[in-house]
Structure formats: structure tokens, C-alpha cells
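S.K.: The residues making up each chain are set out below.
There are 2 protein chains.
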Amino acid sequence: MVKQANPDHPVHTLIAERWSPYGFADRPVREADLCSLFEAARWAASSYNEQPWSYIVARKERGEEFSHLLSCLVEANQGWAKAAPVLMLSVVTFNFRRNNKPNRAAEHDLGLSAGNLSLEATARGLSVHQMAGILPERARELYRIPAGSEAVTGFAIGYAADPDAVPDPFAERDRAPRQRKPLSAFVFGGEWGKATDVVGG
Amino acid sequence: MVKQANPDHPVHTLIAERWSPYGFADRPVREADLCSLFEAARWAASSYNEQPWSYIVARKERGEEFSHLLSCLVEANQGWAKAAPVLMLSVVTFNFRRNNKPNRAAEHDLGLSAGNLSLEATARGLSVHQMAGILPERARELYRIPAGSEAVTGFAIGYAADPDAVPDPFAERDRAPRQRKPLSAFVFGGEWGKATDVVGG
Numbered sequence: 008m009v010k011q012a013n014p015d016h017p018v019h020t021l022i023a024e025r026w027s028p029y030g031f032a033d034r035p036v037r038e039a040d041l042c043s044l045f046e047a048a049r050w051a052a053s054s055y056n057e058q059p060w061s062y063i064v065a066r067k068e069r070g071e072e073f074s075h076l077l078s079c080l081v082e083a084n085q086g087w088a089k090a091a092p093v094l095m096l097s098v099v100t101f102n103f104r105r106n107n108k109p110n111r112a113a114e115h116d117l118g119l120s121a122g123n124l125s126l127e128a129t130a131r132g133l134s135v136h137q138m139a140g141i142l143p144e145r146a147r148e149l150y151r152i153p154a155g156s157e158a159v160t161g162f163a164i165g166y167a168a169d170p171d172a173v174p175d176p177f178a179e180r181d182r183a184p185r186q187r188k189p190l191s192a193f194v195f196g197g198e199w200g201k202a203t204d205v206v207g208g
Numbered sequence: 008m009v010k011q012a013n014p015d016h017p018v019h020t021l022i023a024e025r026w027s028p029y030g031f032a033d034r035p036v037r038e039a040d041l042c043s044l045f046e047a048a049r050w051a052a053s054s055y056n057e058q059p060w061s062y063i064v065a066r067k068e069r070g071e072e073f074s075h076l077l078s079c080l081v082e083a084n085q086g087w088a089k090a091a092p093v094l095m096l097s098v099v100t101f102n103f104r105r106n107n108k109p110n111r112a113a114e115h116d117l118g119l120s121a122g123n124l125s126l127e128a129t130a131r132g133l134s135v136h137q138m139a140g141i142l143p144e145r146a147r148e149l150y151r152i153p154a155g156s157e158a159v160t161g162f163a164i165g166y167a168a169d170p171d172a173v174p175d176p177f178a179e180r181d182r183a184p185r186q187r188k189p190l191s192a193f194v195f196g197g198e199w200g201k202a203t204d205v206v207g208g
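Those protein sequence lines, which keep their order, are chains A and B.
Per the numbering used here, the very first residue in the first sequence carries number 8; after that it's consecutive.
Per the numbering used here, the very first residue in the second sequence carries number 8; after that it's consecutive.
Certain hints may be false.
Said to hold, decoys possible - Result set (EDC-like, lysine to aspartate or glutamate): computed pairs, CA atoms no more than 16 Å apart in a straight line: (1) A:Lys67 - B:Asp204; (2) A:Lys10 - A:Glu144; (3) B:Lys188 - A:Glu57.
To be verified - Some, not all, of what chain B presents toward chain A, calculated at C-beta under 8 Å: (4) Leu21; (5) Phe101; (6) Asn102; (7) Phe103; (8) Asn106; (9) Asn107; (10) Ala112; (11) Glu127; (12) Val159; (13) Asp175.
Simulated from the structure, these hints should not be mistaken for laboratory data.
These numbers were taken from a predicted model, which means no experiment stands behind them.
Think of the CB as a built atom: it goes at the ideal place given N, C-alpha and C, for glycine as much as any other residue.
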């Protein structure tokens, strides 16, 4: 299944076709594909090339590793994410390595990296559903994440299921059309809140 | 000019070819291309579909708007970014609209959106150089950005120049190869700091 965006202006297929399914098929992800996902995450831009991102990954075939990672998601997310063949956490490191000063862009740059990973997944027919609903302190304890770093998001990775094979209420969510604010609501010109004329403001 | 990554595992062309030039050619960006960049930013994923991102854009042909935006960059970035035909700021909104509670993923999700924009640019032969070096309080004052939102990054957008036409020290930076940490340094398995065997740990 592919759930297209309905953009007002043309965008690349990888951007239009990326979406976050609740239903995952019972089909493993090849290790070579996983490596390419991490590789895509690796080549994101970052402030001072700090690369303030880390990932913790667990595959379903490693039962204990998988259930450890699943336990770092909030319960509502565990309900659907347990069907995915691969789970992951992203972790941000807050300070620069070179001088230990705060990196104001750290979480932003983690997002750039996660976005790359997600688009590489789309290019390989895989789907990624990112979650803010995780338990960072549970993850810290379980994986011994040091002070100065913190888990930020969870990822379910795999092949999107046919909604007919997905239990409710998740099938309904997967069938719902994708929606976004119009460009005029967030692309401004000379003043905050006033759309730039480039987007018809 | 295209400055390829040298990935250890295959990644999509758009990810391998994205880089952040210091030198920009004296060539304007079509409005239709700009709209597609914003459209790509629009379709990023976000926690609760909050879309906590806004953008403020200025084109060189609007002299006053452009110099206003340029003045929101730190001096070292003004030196090279003034050559770009389009400048931009990203702005994050920290709390959810629906309940005014803190959105823990706000800056991360801004990064997802900015990453989409950057890959759409690559697909159109454009380059984006993002900067953490901006003056958020200058931007707040100039654009009347309300409390609860804050400028996070700057963007120079345009066509990368031939390094032979770029003054030093910027040409040298544009000629330097791109470098990243190896996967084993940031993709972990059962424990923090230990590479997963998927990436050869």
C-alpha cells in the first residue's frame, strides 16, 4: 500500500509517498536494506558536522532485544508497533564533543538524520513510522544511555500492510487521507504570520 | 558542481548528492521551484501532525527584505550567504496548539521538515546550506516572532558555484571531501556504545 500526499505543488515521489503506517506486514527487512537506512542517516547535514545522533536497533528475530526495545515505547504505541519487524530508538547528544558546549541544533539535526533514513526507506519500498511516544528514562536505564544523551523518538520499520489485514482502530487510521496546513499558514515574508507572495500571500 | 558522499552502503542519489556549498552562483531561483521546496517541507511527519515549523523567506530581488534577513545571520555566515539568491529562517513553535503543552519533538520535527526541503532542492539541481549560526533575538524583533516560537536555523538557497569562482577561504571548504563517523560509532544493538552486528559490530 502507498498513501500519497495530495500536494498543491509538485514534489519528488519519495516525499509524496512517505507516510507512517500503523499496520506492518509479517515480512522481515534485509540486513543490506537496514545498512542503507543507517547510511542515509549518516550523511545528513549537522551543525559543525557534529552528527549528534545515535540509533539503537532491534530485530524481531532477536526476541529478547526486540522485547527490550518494545518496552521503551508507550503502551499505546506498543499495541501496533509490535507487528513491525524492526524497532529502533533515536538518541540525541546535547553538547559538542570538541568543547562540551550546548549544541543548540542537536535535536533539529537528529531530525535531519531521521528524515534521511525515512526517505531511504521509502526508496526501498519500506515504511517508517516515527513516534514521539517513548519512555526516555526506561531507555536510559535499559541501554545505559549516559547523561548528556537522551532517547528522543521511536521507529517502527517494515513493509506497510494491506489495511484489510490490519485490526481496528489502526486500519481506519491507515485509510484516512493525509492532511497538512496550507503553505500560506507557515511560509512568511516580511512579517510573522503574513504569507509571502511567493505562495500567493 | 556536485560533491558526492562516499557511502559505505548504497544510498539514494538525492541523499548522496546533497551537500552544503559556501559558494552560490549569481542565478535566481524560480518561484515554482521555491513553492515545491516549501511543499516538500509541508509533507514531513510530525508528532500529532502538529507541523511545528514556519519559514521566513527573502529573495535577493527584494533588496530590503533580503538585507533584513541577512542581518539575522551571524557575521561569519553573512560573508558567504549574501551571494545566495534566496535566504530563509526556520522557526519552531514549542507547544501544541490543541492543549498548549510542550511538544518534546518540536525541534526534531522542524528538522524533518527542513530535511524534506533540502532533498527537494537537490532533486531540482538546487543547493541548500543550513546554518545554526543565526541571531534568534534579532529575528524575533525584526519579524515580531511571538513568545512560544523561536528562529532555529538559517538557509542559503541557490545554485552551487564552481569553486574556481568562489573566493577563499570558501572555495577551499567547497573542495574538501565530505566526511562522517562510521556506522559502528552510532548504530548500537543491545547496549549503548556497542555496534549492532547488522553494521558489523
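S.K.: Against each hint, give a clear statement of whether it holds in the structure.
M.R.: So, going through the hints one by one against the coordinates:
1. A:Lys67 - B:Asp204: At roughly 14 Å apart (the allowed maximum being 16 Å), aspartate 204 (chain B) and lysine 67 (chain A) satisfy the hint.
2. A:Lys10 - A:Glu144: violated (34 Å)
3. B:Lys188 - A:Glu57: Given that 16 Å is the threshold and the Cα spacing comes to 9 Å, the pair holds.
4. Leu21: Since chain A brings a Cβ to about 7 Å from leucine 21 (chain B), closer than 8 Å, the hint holds.
5. Phe101: Violated: closest Cβ of chain A sits about 12 Å from phenylalanine 101 (chain B), beyond 8 Å.
6. Asn102: Violated - the Cβ of asparagine 102 (chain B) stays beyond 8 Å from chain A, reaching only about 14 Å at its closest.
7. Phe103: Since the shortest Cβ distance to chain A is 11 Å, the answer is violated.
8. Asn106: At about 14 Å, which exceeds the 8 Å cut-off, the nearest Cβ of chain A leaves the hint on asparagine 106 (chain B) violated.
9. Asn107: Hint violated; asparagine 107 (chain B) Cβ to chain A Cβ min 17 Å, cut 8 Å.
10. Ala112: holds (4 Å)
11. Glu127: For glutamate 127 (chain B), the interface hint holds, since the closest Cβ of chain A sits about 6 Å away, which is under 8 Å.
12. Val159: holds (6 Å)
13. Asp175: Hint violated; aspartate 175 (chain B) Cβ to chain A Cβ min 20 Å, cut 8 Å.
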